[in-house]
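Novice: All chains, full assembly: derive it from the sequences and hints.
For the sequence shown, the residue numbers in our numbering are 1 to 160.
By construction, these hints were calculated from the structure, which means they are not laboratory data. It is possible that part of the hints are untrue.
As the list claims (entries may be wrong) - Distance ranges between label pairs, derived from CB positions: (1) ARG13 <-> PRO38: 32 to 42 Å; (2) GLU5 <-> GLY111: 41 to 51 Å; (3) ASP35 <-> ARG8: 35 to 45 Å; (4) ILE33 <-> LEU149: 18 to 28 Å; (5) ARG160 <-> PHE105: 33 to 43 Å; (6) PRO58 <-> ASN97: 43 to 53 Å; (7) ASP34 <-> TYR102: 12 to 22 Å.
Please read all numbers here as calculations on a predicted model, not as lab measurements. Note that CB positions come from ideal geometry on N, CA and C, so glycine has one too.
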Amino acid sequence: MLPEEVTRFIGQRGDVRITEVDKGAIRRFAEAIDDPNPLYGDEEHARNSRYGSIIAPPGFFGWKTKWAQSEAAYADPRSGLGAALRNAGFTNPAPVNAGEEYEFFRPVRPGDTLAATSMITDIRERDGRTGKMVFIITETSYVNQNGDLVAKARGIGMRR
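Specialist: Laid out in structure tokens, this is it:
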């Protein structure tokens, strides 16, 4: 049973993270993930597509705003959830990525401004072969400058 010192973080939101999208960042991201899709860099091809302009690869929205998820969970290592977990016996200094899920609703385009907001939705304790583990579930919403929901992410971090 997790102490209230840990579970009180359920429902806590991290700071809003803002990022402005530009063509160069989209191109570099596509190159980094080795995705040659012309929608991500060829202006003419993209203009003649159903999208009408360059778009970003589906995972692009998260790379600059990913820490919004972590900050919701570990904003202050001395007094935040990290300290509470250490006090509860989970002394591993860093979480392990135990899974991610994404839902995509709209394409991301050059010129978009994305706002990412994360919230801790659950904290669960489990018994493993080598001892107790705690799972921190964080959900992040990504909204563009028009208020349109672009994507949702659900991340699971695990600590021992």
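Novice: Look at each hint and say if it fits the structure.
Specialist: So, going through the hints one by one against the coordinates:
Taking the beta carbon of each, ARG13 and PRO38 are about 38 Å apart, inside 32 to 42 Å as hinted. Between GLU5 and GLY111 the C-beta distance comes to about 44 Å, which sits within the given range of 41 to 51 Å. Between ASP35 and ARG8 the beta carbon distance is about 41 Å. The supplied range of 35 to 45 Å therefore holds. In this structure, ILE33 and LEU149 meet the distance hint of 18 to 28 Å, their C-beta atoms being roughly 23 Å apart.
Take ARG160 and PHE105: their Cβ atoms lie about 35 Å apart, and the range 33 to 43 Å holds. PRO58 and ASN97 have their C-beta atoms about 18 Å apart, which leaves the hinted 43 to 53 Å range violated. Against the hinted window of 12 to 22 Å, the Cβ-Cβ separation of ASP34 and TYR102 comes to about 19 Å, which satisfies the hint.
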